[in-house]
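Letter by letter, the chains look like this.
Protein chains: 2
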Amino acid sequence: MSGEIIKLDASIICCGNTVGQKEYEGPLGKLFDFHCTDDRFNKDTWESAEGEMQRIAFNIALKRGSFEYSDIGALFAGDLLNQCVGSAYGLLGCNIPYFGLYGACSTCAEGIMLASILTTHSVFDRCAAITSSHNCSAERQYRTPIEYGGQRTPTSQWTVTGAGAFIIGDKNAGKVKISAAMPGRVIDKGINDANNMGAAMVGAVCDTLTRFFKQSNTRPDDYDLIITGDLGHEGAQIMREFMEIEGYPLGENYTDCGILIYDKQRQDTHAGGSGCGCSASVMSAYVIPSIRKGIIKNAIFIGSGAMMSPDMIKQGNSIPAIGHLVVFEG
Amino acid sequence: MSGEIIKLDASIICCGNTVGQKEYEGPLGKLFDFHCTDDRFNKDTWESAEGEMQRIAFNIALKRGSFEYSDIGALFAGDLLNQCVGSAYGLLGCNIPYFGLYGACSTCAEGIMLASILTTHSVFDRCAAITSSHNCSAERQYRTPIEYGGQRTPTSQWTVTGAGAFIIGDKNAGKVKISAAMPGRVIDKGINDANNMGAAMVGAVCDTLTRFFKQSNTRPDDYDLIITGDLGHEGAQIMREFMEIEGYPLGENYTDCGILIYDKQRQDTHAGGSGCGCSASVMSAYVIPSIRKGIIKNAIFIGSGAMMSPDMIKQGNSIPAIGHLVVFEG
Chain A
0 MSGEIIKLDA SIICCGNTVG QKEYEGPLGK LFDFHCTDDR FNKDTWESAE GEMQRIAFNI
60 ALKRGSFEYS DIGALFAGDL LNQCVGSAYG LLGCNIPYFG LYGACSTCAE GIMLASILTT
120 HSVFDRCAAI TSSHNCSAER QYRTPIEYGG QRTPTSQWTV TGAGAFIIGD KNAGKVKISA
180 AMPGRVIDKG INDANNMGAA MVGAVCDTLT RFFKQSNTRP DDYDLIITGD LGHEGAQIMR
240 EFMEIEGYPL GENYTDCGIL IYDKQRQDTH AGGSGCGCSA SVMSAYVIPS IRKGIIKNAI
300 FIGSGAMMSP DMIKQGNSIP AIGHLVVFEG
Chain B
0 MSGEIIKLDA SIICCGNTVG QKEYEGPLGK LFDFHCTDDR FNKDTWESAE GEMQRIAFNI
60 ALKRGSFEYS DIGALFAGDL LNQCVGSAYG LLGCNIPYFG LYGACSTCAE GIMLASILTT
120 HSVFDRCAAI TSSHNCSAER QYRTPIEYGG QRTPTSQWTV TGAGAFIIGD KNAGKVKISA
180 AMPGRVIDKG INDANNMGAA MVGAVCDTLT RFFKQSNTRP DDYDLIITGD LGHEGAQIMR
240 EFMEIEGYPL GENYTDCGIL IYDKQRQDTH AGGSGCGCSA SVMSAYVIPS IRKGIIKNAI
300 FIGSGAMMSP DMIKQGNSIP AIGHLVVFEG
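Protein chains in written order, with numbering that gives the first Met the number 0: chain A, 0 to 329; chain B, 0 to 329.
Some hints here could point you the wrong way.
To be verified - So these bits of chain B aren't anywhere near chain A, every CB distance computed over 10 Å: (1) 29; (2) 30; (3) 35; (4) 39; (5) 142; (6) 172; (7) 190; (8) 216; (9) 240; (10) 265; (11) 267; (12) 285; (13) 296.
Claimed, not checked - Straight line, CA to CA, 30 Å or less: simulated DSS-like cross-link-like pairs of lysine-lysine: (14) 62(B) x 188(A); (15) 6(B) x 6(A); (16) 62(A) x 170(A); (17) 42(A) x 188(B); (18) 42(A) x 62(A).
Just so you know, the hints here were simulated from the structure itself, not pulled from any lab data. It should be emphasised that the depicted structure is a prediction, and the values quoted were computed from it without experimental measurement. All C-beta atoms in this analysis are idealised placements derived from N, C-alpha and C, irrespective of residue type, glycine included.
From just these sequences and the hints, can you work out the full model?
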């Protein structure tokens, strides 16, 4: 059968992250490990800055766990840039076996999932999952360069300048356990508004979450936190409506990484944050530490990805999406 | 330790592939399952044509093994296009858990490797690895649209219009065994000529192959075939020189997918074929069937990927590359 829950015996040993100035000024600002006031990270181009963010986030995670590069069996890395160059250039020189991923904003969850499967089965002792996005590199590759000053619609999300790294080992290696995962299926609900990614992704996220509840015989109330990354304000509201129709209404324990990272009133980010770096930074700086401290006992994280490219939208196609689910326990 | 051989107990159950007219006219033409005389595959855009090629290749493989979509536990898919849309759109509607990959031309080897690891450990009964490239979509995203008629240098390779699908199960499921793999590391040797990908990728391929020979205590002569995908004529020649320096000279048993797919004299493809679809089509149509028939007893396949994007080259960066290695046995 296709589409079943994958049982895992892995854990998160430590994390690292880095963000830009806007994210530092947001509600979670103080929780991030490192930020750069001009978002340039001492590099000449936005693309190189994004790569540098991955390098910094990974090195912070390594230092936190007192690891060397040679302690990491494999890297699972990806980003939003054409040909995923943030990861390939950012992680150059590590000399670690490298698996390049592309899952749009779901890449963080995809990487954690694959790293967890491989450590559960002792293929590697330790793996790292690393992802990033940068507002300025994403805007010019996904939409228009920010210098154009293009107007944004109310449903549009703000690409996060951020990177997160997760070092994953077997179940005894870290305090935050990864007990299950459910990879998503690519689903297209016919949305073709590239400024409403939240709506485009909800169908795929609901598909995964509903399958998970059915197969695990659990309900939303059984979890301290259900967090998507990143549907934003618009998508999260539709998510609540869809899950109610499916018979699994989401309560106060549901939120979204794109909602948490910015202050809606103060920061002018419209429907909230998005980008591979959004869930990577929020999960590594806020959710995983909360589980480690016992504030949250268990959590479902569903990374959501819009799998289009600007060319496909210009050619009149709608937006396929995916939702990858991972379960964390304290 | 980082960078060791991964022992596998998987096998290739069946394959499928599809190519364009130029590939059909090449030396391996008669071996391909399906070709389209105008390279459009009944679609309005080159990007959609590439997706359609993945869909056709996958469905041919399924039919050959008498499988339904629901028999496949997970897809590992990727391509060269921005945001990997060939795979996401092409495989829409399969309703199969989907892992998006990006490894440039090494994606075929990366997908086979991950699918083999997951079936070896019974995470899934069966997985599929699917990749593609299309000359016209790749030219306009990687270089310039073909309508411009840009001149090509002698070291440039010709992006193959092709797709290949591999259905992978445990060691008893198919005749062609996958006994070991070694994921590559991202290595940048300072080459910045985007028209000489072969030279840019050789360093990473040699790194993986040399590590493999050392750790497995084997030599080139121990294998009926050592095949890279895709260094082309230029890269393969440098490969021979580098491996001789490393103490592992390659003999008559070494070749490259990019060399095999076109007739150098007759087809004006300069340094040979490249693109995710090159190794995917050559491996699925020629190498794997040759192992199944007993013509080749064992083979090392090293997928090589140039992990740059056009933007990174324009910004003055050199080309990082990777080489993923898989061992097949009859």
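A quick look at each hint next to the structure:
1. 29: holds (33 Å)
2. 30: holds (29 Å)
3. 35: Its Cβ never comes within 10 Å of chain A, the nearest being 19 Å, so this holds.
4. 39: Fine: 14 Å to the nearest Cβ keeps residue 39(B) off the interface.
5. 142: holds (13 Å)
6. 172: holds (16 Å)
7. 190: Label holds. Min Cβ-Cβ 14 Å, cutoff 10 Å.
8. 216: Per Cβ check, residue 216(B) is outside 10 Å of chain A; nearest 20 Å; holds.
9. 240: Since the minimum Cβ distance to chain A is about 23 Å, residue 240(B) lies beyond 10 Å and the statement holds.
10. 265: holds (31 Å)
11. 267: holds (27 Å)
12. 285: About 26 Å separates residue 285(B) from the closest Cβ of chain A, which puts it past 10 Å; holds.
13. 296: For residue 296(B), whose nearest Cβ neighbour in chain A is about 26 Å away, the distance exceeds 10 Å, so it holds.
14. 62(B) x 188(A): holds (28 Å)
15. 6(B) x 6(A): Cα-Cα ~22 Å, so holds.
16. 62(A) x 170(A): holds (21 Å)
17. 42(A) x 188(B): holds (21 Å)
18. 42(A) x 62(A): holds (23 Å)
Hint compliance for this structure: no hint is broken.
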